[in-house]
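Protein chains in written order, with the numbering used here: chain A, 29 to 441; chain B, 28 to 191.
Hints listed in this document are in silico derivations from the structure and should not be mistaken for laboratory results. Among the clues, some could well be false.
[Stated by the list, open to error] Derived, one-sided and incomplete: chain B residues facing chain A with beta-carbon distance under 10 Å:
1. PRO49
2. LEU53
3. GLU100
4. ALA116
5. PRO167
6. ASN187
7. LYS188
[As the list claims (entries may be wrong)] Below, a list of computed lysine to aspartate or glutamate pairs in the DMTMM-like style, where the Cα atoms sit at most 20 Å apart:
8. B/LYS162 / B/ASP138
9. B/LYS162 / B/GLU134
10. B/LYS56 / A/GLU102
11. B/LYS188 / B/GLU176
12. A/LYS182 / B/ASP168
13. A/LYS87 / A/GLU115
14. B/LYS56 / A/GLU230
15. A/LYS81 / B/GLU181
16. A/LYS100 / B/GLU60
17. A/LYS194 / A/GLU230
18. B/LYS188 / A/GLU76
19. B/LYS56 / A/GLU112
We put the beta carbon where it would ideally sit given N, CA and C, even for glycine.
Residues per chain, in single letters:
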Amino acid sequence: MGYTLIEKIVMKNTGLDNVESGSIVIVNADKLMVHDIFIPFVAQKFEEMGFKKIYDPNKMVLIYDHLVPTAKVEDVRHFKIAEEFCEKYGVKNIHRSDGICHQLMVEGGYVKPGDIVFGTDSHTTTYGAIGAFSTGIGYTEMAAVLGTGELWIKVPQTIKVNIDGKLPNGVTSKDVILRIIGDLKADGATYKALEFSGNCVENMSISSRMTMANMAIEAGAKSGLFVPDKKTAEYCNIDMKDLEYLQPDSDAKYERVLNYKAEDLEPVVAYPSQVDNIKTVKEVSGTKIDQVFIGSCTNGRLEDLEVAAEILKGKKISKYLKLIVTPASRKIYNEALDKGIIKVLAEAGAIITHPGCGLCCGRSGGIVSEGEKVLATNNRNFLGRMGSSKAEIYLCSPVVAAVSALTGEITNP
Amino acid sequence: MEKFKGNIWLLGDDIDTDIIIPTEYLALKTVEEMKEYAFSPLRPELSGNIETGDIIVAGKNFGCGSSREQAPEVLIALGIKCVIAKSFARIFFRNSINNGLLLIENEEFPDNCKEGTSVEVQLNKNIIYENKEYKIQPLPDNLMSIIKEGGLVESMKKRNKQVN
């Protein structure tokens, strides 16, 4: 009997020579990501549980992103607790203002293909882009796994999503994942893993794959994985030979297989206020918008800023509209500066903000108010997510966002 | 077998964690301070009206969205005895068990009950409502033992006492 990618990862991790979906196994955590907003609770629970040390302090990565820069005076408390915790338990991997956690975990080389990683944020699924099994957990479980190094998981069934062909111009990996979520619905992959395959995804950059893995959770998935290939090996600086064990078997058992033809896909938006409420951009074109947001761990990477700059070069955004651009990390910010992308965006009228989670999680940097409509490249359009619960959030690709920023209404590229 | 009764608050499908407790309140120091904002984007009046022992009944995918553990914690702080839903999102499910909040899955019941009425639950056995019985699946042993020990913190405390 053959195995899927996630089953192979679990087998390697546990040393078991057979696993079956539905069985409960204890896995060893290769990396643990904790972010600023939950560190006070992780620290408190860790102490309450009576642990004296972290099982391996080098496996913990602490990232300040939700509260950077601070929006409220109380936010600083989180950093104080974090610094004390790290000092006390010998944690060295700390990022205080380098960008969004999920970008840094991959970009900084903390995660390798085949790793099992847990994080205190639900979009921890992002690392599936390089073939890691990564998923979000709560702070109590994080405290426990920091102490023991282990966590129980139920081996998930896998839904294979096969996408073949070439995406039409103006269609990005964001449109692909939004379409898939629209078809699966918000709970369609609950407790399951998604495994993306086909020559369309093989042609995608690691950044584009991260956009898709990031949003796997929006269909309820435990993980969204891409089979490591030459691009992965190159990105992670690993010999392809060392990744061979991660190739799924041809007779692997999938819960089901979804097939897409890339040529059939078109630009879409997630309509307020659910991520699975997918409509084509054509259907909603002409909807007036007050703000456009390009950024987040979903679409704040260099290729996202680059495509927006290509569209906005030498032009001005619509008069009453605010365009907020947030690179996902300091490294991306610097690269975008070097390439002249930031200049183009700023000249077009964009407000460029520091890498972080502020606007996407509704804490700072462009909060929307009652009656406003925002077109955004992040991953959630839940009620009140970016400010008032009476604002409307439409999710889209950076291409649709940039084109619409010029017209002031949702526009088909 | 434990048996209890409670008043129903009825909610729909896909009640996400941003609705249960919005991000802007997550940096408050305690869950006690957060609880008055529970469900505020959807039903701002709800948190003030919930009484100890009440039961939330919802549609599918309750607790979808973020990993915030304050979601089950505010429900416990408000005095919610258990949540009955057609289905639960994965992270919310784990977080609830780890905090000792009882979750019950049942496909039919949420479509057949009314807000403000009372329901009876027999742990791991059934729901009784208006003389009709709705069967429930028992939780797996490893999860039941975490709930019985009073949540994951207590279970780890016990472990660490044995280790040290």
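If you check each hint against the structure, which ones fail? 14
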